[in-house]
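Following the hints, position chain B against chain A.
Order-wise, the sequence lines are chains A and B. Residues 48 to 164 (my numbering) make up the first sequence, in order. Residues 540 to 654 (my numbering) make up the second sequence, in order.
Read the hints as simulated data drawn from the structure, not as lab findings. Treat the numbers as computed from the prediction; the structure is a model and nothing was measured. Only true hints are included.
Derived list of chain B stretches under chain A, where covered just means 3 residues or more per stretch with a C-beta under 8 Å from a C-beta of chain A: (1) 575-589; (2) 638-645.
Just a sample of chain A residues kept apart from chain B, beta carbon distances all over 10 Å, derived: (3) V60; (4) E62; (5) H122.
Computed from the model, here is a short list of chain B residues facing chain A with C-beta under 10 Å: (6) V543; (7) R548; (8) Y572; (9) E595; (10) L629; (11) C630.
Cβ coordinates follow ideal geometry from the N, Cα and C atoms, glycine included.
Next come the chains, spelled out residue by residue.
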Amino acid sequence: AQSVTQLGSHVSVSEGALVLLRCNYSSSVPPYLFWYVQYPNQGLQLLLKYTTGATLVKGINGFEAEFKKSETSFHLTKPSAHMSDAAEYFCAVSDLAGGTSYGKLTFGQGTILTVHP
Amino acid sequence: ETGVTQTPRHLVMGMTNKKSLKCEQHLGHNAMYWYKQSAKKPLELMFVYNFKEQTENNSVPSRFSPECPNSSHLFLHLHTLQPEDSALYLCASSPLLGSSAGELFFGEGSRLTVL
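Extracted from the complex, chain A is given alone in its bound form (with noise of 0.2 Å):
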């Protein structure tokens, strides 16, 4: 069984300052990890994935997670907040790794963002 566990529903930043989204996860099976982002009134966007290999992990509008497995932890920065980054983050656990035949995802409750002028 796979679960996520995202420390925080509501974090609050000001502009310039640093973003830290906390994530850990508990997985039977090497892990996939992913970050979605959800803007008000639309879908869930990739920000980012690890699945094998470099640790540290570059997504899109310059976030970064670097993955530590022993602590089972995926945070999610970002150096310099900016205004538009308001919005809620996901983070997701994959089984992919365990041999399924497809990615069935499991999430963490949301953390929302919230960028302050």
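Showing chain B alone in chain A's frame:
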């Protein structure tokens, strides 16, 4: 522009109505999904179709009936719903091979309100 299109974007229905949600993907993917997104709850996987065959039903009540006539189209038929079924219903597709294997591509969702 999304490669996954959902219609309608908004739907209001009474508890005795029958309606359907439609999803179409133009990405050549072979797996399609329905997720339910309710306020203050994680996204809930409802159904998975793999090469038109249902491979996952996550204990969804029978008032939700999926249909996948081909790999590009997915429907969710709604009948005798309850107010607690009001939510955003998200369709997604994914490739099974290649660098994007397992990655979900989402539509913009259908916002359902049950009165």
